[in-house]
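Letter by letter, the chains look like this.
Protein chains: 2
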Amino acid sequence: MSDKTNDQNPEQNAGQIRALTEDEVASLPGQPGSASRRNFMKVSALAGLAGAGGVLLAGCGRAAPGEHAATGKAHADEHEKHADDHEKKLESHEVAPGKLDEYYGFWSGGQSGEMRIVGLPSFRELMRIPVFNTDFAVGWGITNESKRVLGEKFPRGGDLHHPHMSQTGGHYDGRYLFMNDKAGTRVARIRCDVMRCDKITKIPNVQAIHGMRVQREPRTGYVFANAEFRIPSPNDGRDLDDPKKYQTMFSAIDGDTMEMAWQVIVDGNLDNTDCDYEGKYAASTCYNSEGAVDLAGMMQSERDWVVVFNIARIEAAVKAGKFKTIGTSKVPVVDGRHGSDLTMYIPVPKSPHGLNASPDGKYFAANGKLSPTVSLMAWSKVDDYFAGKLKDPRDAVVAEPQLGLGPLHTAYDGRGNAYTTLFIDSQMAKWNIQDAIDDYAGKKTNYLRQKLDVAYQPGHNHTSLGETRDADGKWLVSLNKFSKDRFLATGPLHPDLDQLIDISGDQMVLVADEPVYSEPHDAVIIPAKMLAGKIKRKWERNDPFFAETVAQAKKHGVTLESDSKVIREGNKVFVYMTSSAPKYGLDSFKVKKGDEVTIVVTNVDTIEDLSHGFCLTDYDLNMEISPQETSSVTFVADKPGVHWYYCTFFCHALHLEMRGRMLVEA
Amino acid sequence: MSDKTNDQNPEQNAGQIRALTEDEVASLPGQPGSASRRNFMKVSALAGLAGAGGVLLAGCGRAAPGEHAATGKAHADEHEKHADDHEKKLESHEVAPGKLDEYYGFWSGGQSGEMRIVGLPSFRELMRIPVFNTDFAVGWGITNESKRVLGEKFPRGGDLHHPHMSQTGGHYDGRYLFMNDKAGTRVARIRCDVMRCDKITKIPNVQAIHGMRVQREPRTGYVFANAEFRIPSPNDGRDLDDPKKYQTMFSAIDGDTMEMAWQVIVDGNLDNTDCDYEGKYAASTCYNSEGAVDLAGMMQSERDWVVVFNIARIEAAVKAGKFKTIGTSKVPVVDGRHGSDLTMYIPVPKSPHGLNASPDGKYFAANGKLSPTVSLMAWSKVDDYFAGKLKDPRDAVVAEPQLGLGPLHTAYDGRGNAYTTLFIDSQMAKWNIQDAIDDYAGKKTNYLRQKLDVAYQPGHNHTSLGETRDADGKWLVSLNKFSKDRFLATGPLHPDLDQLIDISGDQMVLVADEPVYSEPHDAVIIPAKMLAGKIKRKWERNDPFFAETVAQAKKHGVTLESDSKVIREGNKVFVYMTSSAPKYGLDSFKVKKGDEVTIVVTNVDTIEDLSHGFCLTDYDLNMEISPQETSSVTFVADKPGVHWYYCTFFCHALHLEMRGRMLVEA
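So the protein sequences, as listed, match chains A and B.
Numbering-wise (my numbering), the first sequence opens with residue 17 and increments by one.
Numbering-wise (my numbering), the second sequence opens with residue 17 and increments by one.
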């Protein structure tokens, strides 16, 4: 394939790239030596990405015209065959009208605060699930039912990074999706049966939940969450100017109850996390070993760490009462800083980023970011360390392949290959795990299989089922941060760009570009057949999501499925009504100015997809009521006059006429 | 094509469809007689859509298996040729990675409150533009700049239905997009150069802006807006129980200033609107001639109206002072009810819905909704009426083709054909305008060219350039309200379903299904080349969107492009900083608990697509700052401690490290 690359687009790079001298390159922290690297990369020039503050990163030019960027065992005749395959694979992305996608993608919505359901391979966005946001379309943050999840005083937004599905025995189990909020220091859960968020937990004692994963064995179980920023403890105004007293923590949340289980104080800043396939360990990349509070300060050391958490030991310490609590929080906090027997600090090159466990259960990779390498570690060596049999934590590293500039995240195909995003190079590097291990052991190998240009600056990537035992090696997505001129102009803000890559053959083939709204960080890809029958297309009347509203109606002697009536208790007015296309149970109701009004609407339609809405004009409220659902909203009737309510989800040829009047007496 | 139809999906229709007797059908309001209709439709069975409240609509069965739904001049051998074309056209939807779309689609986001930019033919959503919503991703509703547009006390959401681009001489001119908010009775404007909303106008004296269009000649000029719901005047608590005193109005807004121009009181409820190609008239569908406040009451009359507004006469009346004002509003209000010489009421079958002017400048169509017909009227007859030369307003009707059940909206191809959505039949009907006129004049013709199944229940449709003189007859979209089982399950709420139809040949060919979030109502489709060079990819420093913030900085002696400093004025603290990947101009700043803090960030990066974000952890604020933009936010520092701010738009390999500390002294 011949994508438009940065090189063809000189204006894009103006001011960003400059050539580095060999000395400069050699002096970069964590660089394994410029000469061998240049040879390895088979490129003719080195360029530098100069950031403010004097921090320099080596940048690597594209392959010269006619020179294929892939190294490894690609041969000329294979290339011809691949050209033929390429056309076929491009078509494999197309899902004809009326046909279903084969995979679900569950996609981060980033600072939009939502989660997205995407169909693959078509890349069509099937649904938005509001989580850390207010969504007027469905009434998220407006209905009483959603406020019970969000809390009465909920933030306007959040920064959702990492959605992951609950697992049992290392397989997706279709129960829940979990996700973090970096902006609001929260973790949320979506029920997969109704695809609605049912729990949000504010994580105490820390700031900015970033990396987040779920326990694989025996099941989820724990949700592991990294707090990234170091703060005073408690963060009540003390120690503002004494960064040496700042700290952060690793948190475990009980995925069944969404209650906090325990927290572990660490050195450094926590970035991404993952866990093993045996239920013994979680591991996090950990940067800023300097404990600095500015960029220059964070760039002093040669190395940072991967920190491994020994779950059984932490649980035992908590059980034994070897913990403290902080401020008003009752969460047990243990000390996992250097010297603790609860943790293991594995030195890796400076500022590691992604942390990815391989689906064979053997390894976990820390992606180099500022180093062109990925550090691959073996869980068995972690066993050895905690058993006192590993002298140097660094000996847990079993491979450290050199891949290119800006390795951020690694995904797996279940066939022994790994795929690493290269942020600076704007490429996806495919490499063979065993070959990389052999190479590290001294046997020279060509572990690099292929490099594929992506557009542009990839962050996370993800393979279908690649974070489970079922990795199927079919699809890879590259979640790119820049789209530059790859789409029609949309104004100064550009979309991000997700790309779909077919990895079913020997070579990666790019099959689709999809523009996306700010800002997908991560995604998971799950075959639709694995979730078949688990996702409901209608509500059941006894669903817990609106059980509290049903209980309140019962107290009022109201049968929601048939009654439409108004009940007054002092200045509180409860308005119960059914909705059935194209009519609400009440054509009008009357209240007094200043009344606190609760409107409860029950959709008695039984036909799939026949959702109703309830929107009250000039009262700033709207809610969705899907078939067999009850939704409610409470507000103060502070504006006198006639205010019409109307149905916002098209339901019938007379949908436009589906409305009624709230009469507010002055 | 053989789509999955309702008929193959019996569960979907359970409870919705029942057979009607012939007597029932004949007695339906607005029905032209069941026998001829059955013959016309060439179908074997009639079914009824029974709504609550006893309202019955005739439903029309699908064509029997083997019987082609299209009538008109389709021949067997043509069909074979079409089968070959079909495959090619399916591919025409595909836009390969790296290739640009040929058309912009500007799409309503319905009750999500946003507008969407869509690329066609790929159907990819390129960008969301927040308008009547709060958007944490970019800080809409959070920044001071957006609050200047929204107002300090803005609603959480809105219900955006109809986006239309400004025109000059009947051609799109790339200046503005205008759109209505039904929930909040507002009209908004988006600047096309930066694709950002810059003005929102609350429409006084009325409730629920629904139909909205722009003046074509000589230019936009006016934005015409229908208020749908009838309310007391003023709506302050008086006349709650006296619906006879309720009324609604047609509004004209000055598109250049977004100030109100004038309003016209009408009979009935206003639905959709459009205007002519000469700058003389606007016309609106108008239902509920009964002035009822419930569904049964609205169904009594045989006919409702299209009301035509004589713009010159209204302007003259206003100029002559023949108007009143209502309450505190200063907007001139004229009386256009029956008997006024400012308006013309054209009787059409019950509850007409869409109103669509043809691109040849000659006609305007009212879509029957409850009648299987579209009423086509001639602007020349309107001239005659206002000149006293037309005896009966009904004589303005020049054609009334019978198309099928539930005609809602009509689009045009510029080749003399019209395309009408049939909500109940779930079909798109293509018909020839001249043939329909000839038929109405008594010459029997086969004006119906083709019927295409769509999935399911289409509302609006739109053709490329079809609302301008430049209608190019290439693409038609059908915006369908139900998707039922056409996508993977997403929980009880289903996506809507937009479909792309190639109309470049004799036959319509469905080429793509796209799921969409609640709820697109309408869209416009414009060739990218028509907007080439009009949409900026970076901000200019003198942009008016942030001019007030720049002026404030100037007063403080701050040069935004280079200064990073803190200025205190009593308990007000102004924090100015630059952002340049991967650094903010300030690593930290200190305030006191209770201070009102204004943070002003200027992105000094000049590279396209290098947006920064500013997110303040646990302070619920985030904003986008795109290249060369200044964004600001004001809040009270009510929580003591260290609060990190960080960049939310990936900008650099060290993006994660791009952050600083707000130190809040207790």
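It cannot be assumed that every hint is accurate.
The list makes no distinction among identical chains, and a pair is therefore deemed to hold if it is satisfied within one copy or across any two copies.
Straight-line alpha carbon distances no greater than 25 Å define the calculated PhoX-like cross-link-like pairs of lysine-lysine that follow [to be verified]:
hint, residue 1, residue 2
1, Lys104, Lys550
2, Lys570, Lys581
3, Lys655, Lys169
4, Lys105, Lys588
5, Lys346, Lys261
6, Lys260, Lys606
7, Lys581, Lys163
8, Lys115, Lys105
9, Lys335, Lys296
10, Lys163, Lys655
11, Lys608, Lys261
12, Lys655, Lys346
13, Lys609, Lys218
14, Lys260, Lys609
15, Lys115, Lys104
Quick caveat, the hints were computed from the structure, so don't treat them as lab data.
None of these values were measured; they are calculated from a predicted model.
Outcome of the hint check:
no.: 1; hint: Lys104 <-> Lys550; result: neither (33 Å within a copy, 37 Å between copies)
no.: 2; hint: Lys570 <-> Lys581; result: within (13 Å within a copy, 60 Å between copies)
no.: 3; hint: Lys655 <-> Lys169; result: both (23 Å within a copy, 15 Å between copies)
no.: 4; hint: Lys105 <-> Lys588; result: neither (62 Å within a copy, 60 Å between copies)
no.: 5; hint: Lys346 <-> Lys261; result: within (21 Å within a copy, 62 Å between copies)
no.: 6; hint: Lys260 <-> Lys606; result: between (62 Å within a copy, 18 Å between copies)
no.: 7; hint: Lys581 <-> Lys163; result: within (24 Å within a copy, 39 Å between copies)
no.: 8; hint: Lys115 <-> Lys105; result: both (18 Å within a copy, 17 Å between copies)
no.: 9; hint: Lys335 <-> Lys296; result: within (17 Å within a copy, 82 Å between copies)
no.: 10; hint: Lys163 <-> Lys655; result: both (23 Å within a copy, 23 Å between copies)
no.: 11; hint: Lys608 <-> Lys261; result: between (56 Å within a copy, 21 Å between copies)
no.: 12; hint: Lys655 <-> Lys346; result: between (44 Å within a copy, 21 Å between copies)
no.: 13; hint: Lys609 <-> Lys218; result: between (36 Å within a copy, 22 Å between copies)
no.: 14; hint: Lys260 <-> Lys609; result: between (56 Å within a copy, 23 Å between copies)
no.: 15; hint: Lys115 <-> Lys104; result: both (18 Å within a copy, 18 Å between copies)
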